[in-house]
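Asker: Take these sequences, add in the hints, and give me the full structure.
Read off the chains here:
2 protein chains.
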Amino acid sequence: MPEIPARRKRATVHDVAVEAGVSRGTVSRVVNGERYVSDEARKAIEAAIVKVGYVPNTAARNLVMQRTQAVAFIVHEPGPLFVEDPNIGEILLGANAALSDADYQMASIVVDSERDTERVARFLRGGFVDGVVMVSARTNDPITRVIEQLELPAAFVGHPPGLTAAWVGIDNVGSARAVTEQLIATGRRRIGMIAAALDRDSGVDRLQGFTDALGDRFDADLVESVPLYSYSAGVDGMRALLARHPDLDGLFAASDAVAAGALETLREAGLRVPEDVGVVGFDDSAWATRTHPPLSTVRQPAAGLGRAAALSVLAQIRGEKPAVDGIMVETSVVWRESA
Amino acid sequence: MPEIPARRKRATVHDVAVEAGVSRGTVSRVVNGERYVSDEARKAIEAAIVKVGYVPNTAARNLVMQRTQAVAFIVHEPGPLFVEDPNIGEILLGANAALSDADYQMASIVVDSERDTERVARFLRGGFVDGVVMVSARTNDPITRVIEQLELPAAFVGHPPGLTAAWVGIDNVGSARAVTEQLIATGRRRIGMIAAALDRDSGVDRLQGFTDALGDRFDADLVESVPLYSYSAGVDGMRALLARHPDLDGLFAASDAVAAGALETLREAGLRVPEDVGVVGFDDSAWATRTHPPLSTVRQPAAGLGRAAALSVLAQIRGEKPAVDGIMVETSVVWRESA
Chain A
1 MPEIPARRKR
11 ATVHDVAVEA
21 GVSRGTVSRV
31 VNGERYVSDE
41 ARKAIEAAIV
51 KVGYVPNTAA
61 RNLVMQRTQA
71 VAFIVHEPGP
81 LFVEDPNIGE
91 ILLGANAALS
101 DADYQMASIV
111 VDSERDTERV
121 ARFLRGGFVD
131 GVVMVSARTN
141 DPITRVIEQL
151 ELPAAFVGHP
161 PGLTAAWVGI
171 DNVGSARAVT
181 EQLIATGRRR
191 IGMIAAALDR
201 DSGVDRLQGF
211 TDALGDRFDA
221 DLVESVPLYS
231 YSAGVDGMRA
241 LLARHPDLDG
251 LFAASDAVAA
261 GALETLREAG
271 LRVPEDVGVV
281 GFDDSAWATR
291 THPPLSTVRQ
301 PAAGLGRAAA
311 LSVLAQIRGE
321 KPAVDGIMVE
331 TSVVWRESA
Chain B
340 MPEIPARRKR
350 ATVHDVAVEA
360 GVSRGTVSRV
370 VNGERYVSDE
380 ARKAIEAAIV
390 KVGYVPNTAA
400 RNLVMQRTQA
410 VAFIVHEPGP
420 LFVEDPNIGE
430 ILLGANAALS
440 DADYQMASIV
450 VDSERDTERV
460 ARFLRGGFVD
470 GVVMVSARTN
480 DPITRVIEQL
490 ELPAAFVGHP
500 PGLTAAWVGI
510 DNVGSARAVT
520 EQLIATGRRR
530 IGMIAAALDR
540 DSGVDRLQGF
550 TDALGDRFDA
560 DLVESVPLYS
570 YSAGVDGMRA
580 LLARHPDLDG
590 LFAASDAVAA
600 GALETLREAG
610 LRVPEDVGVV
620 GFDDSAWATR
630 THPPLSTVRQ
640 PAAGLGRAAA
650 LSVLAQIRGE
660 KPAVDGIMVE
670 TSVVWRESA
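Line order of the protein sequences matches chains A and B.
For the first sequence, the working numbering begins at 1 and goes up steadily by one.
For the second sequence, the working numbering begins at 340 and goes up steadily by one.
Quick caveat, the hints were computed from the structure, so don't treat them as lab data.
Treat the hints loosely; a few may be bogus.
Label pairs and their calculated CB-CB ranges [what the hints assert, rightly or not]: (1) B:Asp560 x A:Val204: 42 to 50 Å; (2) A:Gly270 x B:Arg477: 46 to 54 Å; (3) A:Glu118 x B:His353: 45 to 53 Å; (4) B:Asp555 x A:Val50: 57 to 65 Å; (5) B:Arg477 x A:Lys51: 29 to 37 Å; (6) B:Asp560 x A:Asp171: 52 to 60 Å; (7) B:Arg556 x A:Pro246: 47 to 55 Å; (8) A:Thr289 x B:Arg477: 46 to 54 Å.
Just so we're clear, the structure is a prediction, and the values are computed from it rather than from any experiment.
Backbone N, C-alpha and C define an ideal beta-carbon position, used for all residues, glycine too.
Answerer: Encoded structure:
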């Protein structure tokens, strides 16, 4: 923490100019690192800056430098999910760590409504940030259009169709197929899925992987679609599935939070996990080890995704070209006691 | 969502000036709402702005207006706790809703290290935000000093000693005393406490309330201090208490997250809740209803605290004076099955 002079008001360029006996224009040229200032004037101004405790206005300097040293982390989810989802939290922490290492300030923004969208678009146009990490973009997301049109350095976590910006992601289809195949291998006969967030690539892809794994045995009536990757969506989805198929003996929940809600519903219905119903999730977030029993799930390196996205944005800010095809991060299946 | 012109590069003041056949200075005067521009020039410039799709640079205009329409939400906690703690999440959502209603953009920042502190101080000095909502400030927090010295409109959730800015908070002493008294009334004889975050006013005050409730029966050896309001701190604290006092029959955990960790440890130790040990928490956050059994706890209106803090900042931005003594929000004890 640098020493902060104990004063009540910020010193201005005017105060520095008066102290140094030069014009405000000369002070500005020194502050902005321009040439054509005499050594004598420069020394007088530097001494005056120290004496009056002047801190250059970064917003003003950024107009010259075209830099803010800040990157937005935008999450397009309902507010409560931004708060509840440990997976988003891990992505946030990974991005924050990488940006902090580069001495960039990350500012998180949650987008939850049409009005939020307009305001965030205005914020991005305002030049307050040098780049954006965007999580949970929808197909045809309006924020995505704004980012593309401003040509802001940006990286997306996930890969909405039609996206032209850089992205990092995982193989949702292959991962969902792998965990479903492992569930099938435990001998389950009637496997349902709570599919979530089908307005996003991840949601669609996880359903695709489930469908692929079951092949001829796939039964669309055993799939219940819920809007969000949330605990309460898991409760609702499991209730609906059990009402239609009380004989269900396996479940793929599209995320660990969804699985946690499903476990609660199964418990209330008097069904034992894994004895009566084998349950697998997706994410390996904090939910996975706090449920009873702990979840078999797909581990996705959420912090690594956030970190990779932040590094891509930083590279673009330095003027490097983003990888056209995006960055794919490895996943693995983690087997615990829920299946 | 306003229509966004499909163009590759942002139009500049220069483009507008060329199109309108005037100087860039004249364009700037119109954009910044200054007088002394002929009607003829103004009309030509307004037509040119539409034609070239110019969006005024907010950062530039903010230098004139001294407004950013953005407010920082700063949390001084380890990153993982920012993500894990549903109480902080609720405060964040409450503040975000109030700021959104006023068409202000909230940007969340997590402060987790000395280096973060320096960077955030620079960010605040840079003029990127009009105000700050600050959560989890420590006693003598360096960010607090920066906010005070910049005279930024600010409101604190909680009330660190010596703070001169506006704050909103709850009566932590009285609330902790009330929930402990109710635990005593269930007939418990050896009541321990996992005290957390004693570097903050809330942590110290909750311990004080516990001490007050027990009066002569208070035994300092039954208090275990942990650094954070977190699940894992609850696990550690409970293990330490049980090692010293295996005959303990009651517990006040300084937050619901701490209580959830303690419940897990009690379960592993083969102790039944509430039969063997009665447990009470603090917050009534999402943890409280997802533990088994659900927690008896103190309900603090976290979203309301965030909302009140945001409204205070907005009032200060409008030029109103903050309430000198801060705003105290009511709490209540919620009795469920854990005690």
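Asker: Please list, smallest to largest, the hint numbers that this structure does not respect.
Answerer: 1, 3, 8
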